[in-house]
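J.: All chains should be modelled from the sequences, with the hints used to inform the complete structure.
Taken in order, these protein sequences are the chains called E and P. Per the numbering used here, the very first residue in the first sequence carries number 1; after that it's consecutive. Per the numbering used here, the very first residue in the second sequence carries number 1; after that it's consecutive.
Just so you know, the hints here were simulated from the structure itself, not pulled from any lab data. Possibly wrong hints are sitting among the right ones.
[Stated by the list, open to error] BS3-like mimics (lysine-lysine), calculated; alpha carbons at most 30 Å apart, straight line: (1) Lys-129(E) to Lys-202(P); (2) Lys-202(P) to Lys-129(P); (3) Lys-117(P) to Lys-15(P); (4) Lys-89(E) to Lys-129(P); (5) Lys-89(P) to Lys-89(E); (6) Lys-129(E) to Lys-46(E).
[As the list claims (entries may be wrong)] Each pair of labels, with its calculated beta carbon distance range: (7) Gly-266(E) to Arg-95(P): 42 to 48 Å; (8) Ala-88(E) to Val-18(P): 21 to 27 Å; (9) Gly-266(E) to Gln-107(P): 25 to 31 Å.
No residue lacks a Cβ here, since even glycine has one placed at the ideal position from N, Cα and C.
Protein chains: 2
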Amino acid sequence: MPVEIITSLQNPRLKRLVRLRDRRSRDEERAFLVEGYREIRRALEKKVQIDELYFSKDWFLGSNEPSLIAEAEAAGAKLFELTKDAFAKVAYRERPDGLLGVAPQWQRSLSDILLPKDPFILVVEAIEKPGNLGTILRSADAAGCDAVVVCDPVTDLFNPNVVRASTGVLFSVPCVVEESSRVLEWLRARGIRTVATTPAAKELYTQAPLTGPLAIIMGSEQYGLSEFWLKNSDLPVRIPMAGQADSLNVAMAALITLFEAVRQRGLGR
Amino acid sequence: MPVEIITSLQNPRLKRLVRLRDRRSRDEERAFLVEGYREIRRALEKKVQIDELYFSKDWFLGSNEPSLIAEAEAAGAKLFELTKDAFAKVAYRERPDGLLGVAPQWQRSLSDILLPKDPFILVVEAIEKPGNLGTILRSADAAGCDAVVVCDPVTDLFNPNVVRASTGVLFSVPCVVEESSRVLEWLRARGIRTVATTPAAKELYTQAPLTGPLAIIMGSEQYGLSEFWLKNSDLPVRIPMAGQADSLNVAMAALITLFEAVRQRGLGR
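T.: Shown next, in the form of structure tokens:
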């Protein structure tokens, strides 16, 4: 197919790409931005549809870009070649690499999650910072979680900084957004124990049993766990802190707890 | 003392503050920037000298700023009040809070580190990203490390992003910069075992003994551990990875390994 070439900074397609940085536009269009070689590669690997791919050779950092573009086109992406200036206008990153895709949003519900015999799930509440949510997804991927459930999120999953901070893991870890009360109901119906981290807990996270069907519950950055999860979790646990009270943020606490569960569950042996 | 008021954007003091963002200027002056309420508060708590404090009421976020400024002045800081525009010029952060200090750099050497009976040390090699180094300092603080030793750093300790990402922990965790060969010599002379994380290791980090005198060695973001530390470490260990190979970055791997050591050492009980 012939590639459409965009040179005018006034081109409406470019304006739309800039609009997609805003949540309202993303939600209205049910679309989102996937910027960068690594992220687009991972989307294609995971069979995530890329509807449109915008590229500018002037920004390429390596030599693999043309084959990635060909692969995206073969998978159905419409291609647009941009001048250096035009790409600079739409690039979200400080150091663009000349590749920007638009993908349709998806919506998974709890019933889409495939559960093994001993599910290992991470539940995070009301996360505010996209960078933290992206890091949490990476941690869940590394730990081998079966799913990440995001309750009442402040940031949306499709924020460009979530895509980026997740390094594309967003495309591989099953991730569902749902209200807390429905999540609790779903976990209980499946006999999945809930272990919630909170500084007020008596038990150390390393002394709590983290084997069997398990959901680890993490609160938000600013407020910690909500009353709802504090009251309804099966077991509160704490992470010991030697230094300043805020040295561990929610993403760091999630990582520590997940890997203690990995240890107890004998994963990776 | 009367407070000097700066209104001109051409004031040489403002130009100097902007220059201190660059490592060369920092190194020449042996000074660095401490921006933000939390960071300045922690510097004062830890008796770190603040030579100069620049503030602008127009950017204050709360009501505690005047008492912090008074405290800094009592501790010897010279005060400068800036207009909103003048502060915008010197602020390094995207969302300034109207407080920017200048502090003299310090230099600690290995011989300055006070070691307890069973030292618990983190050694990091050639870290490139200031954000990672700052996060690593937070992790070491939370885990109760006796010192962080930074070998052959690419980023300097006094980079504004290290100060920021460390949330001021830079002022409390003993942190030394030294060449790898001298660090190894120092560790060996003190009978401190070196455990190095590398994906090529056979042993899981959870099955390796992390009690007693211990130094955990972490490689750089891009290249991992150097030949030097691979060859000279007492025990290589690996972290199990369920997902994509790069889901864990160096800061995340350091955090996981540190908290496994905390568990084995029975800290926080």
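J.: Now, for every hint given, state plainly whether the structure supports it.
T.: For each hint, the structure was consulted:
For the hint linking Lys-129(E) to Lys-202(P), the alpha-carbon distance of about 37 Å lies beyond 30 Å, and the restraint is violated. Taking the CA atoms of Lys-202(P) and Lys-129(P), the gap is near 28 Å; set against the 30 Å cutoff, the hint holds. Straight-line distance between C-alpha atoms of Lys-117(P) and Lys-15(P) comes to about 48 Å, which puts the hinted pair past the 30 Å bound. Distance hint between Lys-89(E) and Lys-129(P) is fulfilled; the C-alpha atoms sit about 26 Å from each other, no more than 30 Å.
Proposed proximity of Lys-89(P) and Lys-89(E) is supported: the alpha carbons are some 24 Å apart, at most 30 Å. Annotation: proposed proximity of Lys-129(E) to Lys-46(E) holds, straight-line Cα distance about 25 Å (limit 30 Å). Between Gly-266(E) and Arg-95(P) the Cβ separation comes to about 45 Å, which falls inside the hinted range of 42 to 48 Å. Here the CB-CB span from Ala-88(E) to Val-18(P) is close to 24 Å, well matched to the stated 21 to 27 Å.
The given range of 25 to 31 Å is broken by Gly-266(E) and Gln-107(P), whose C-beta atoms sit roughly 46 Å from each other.
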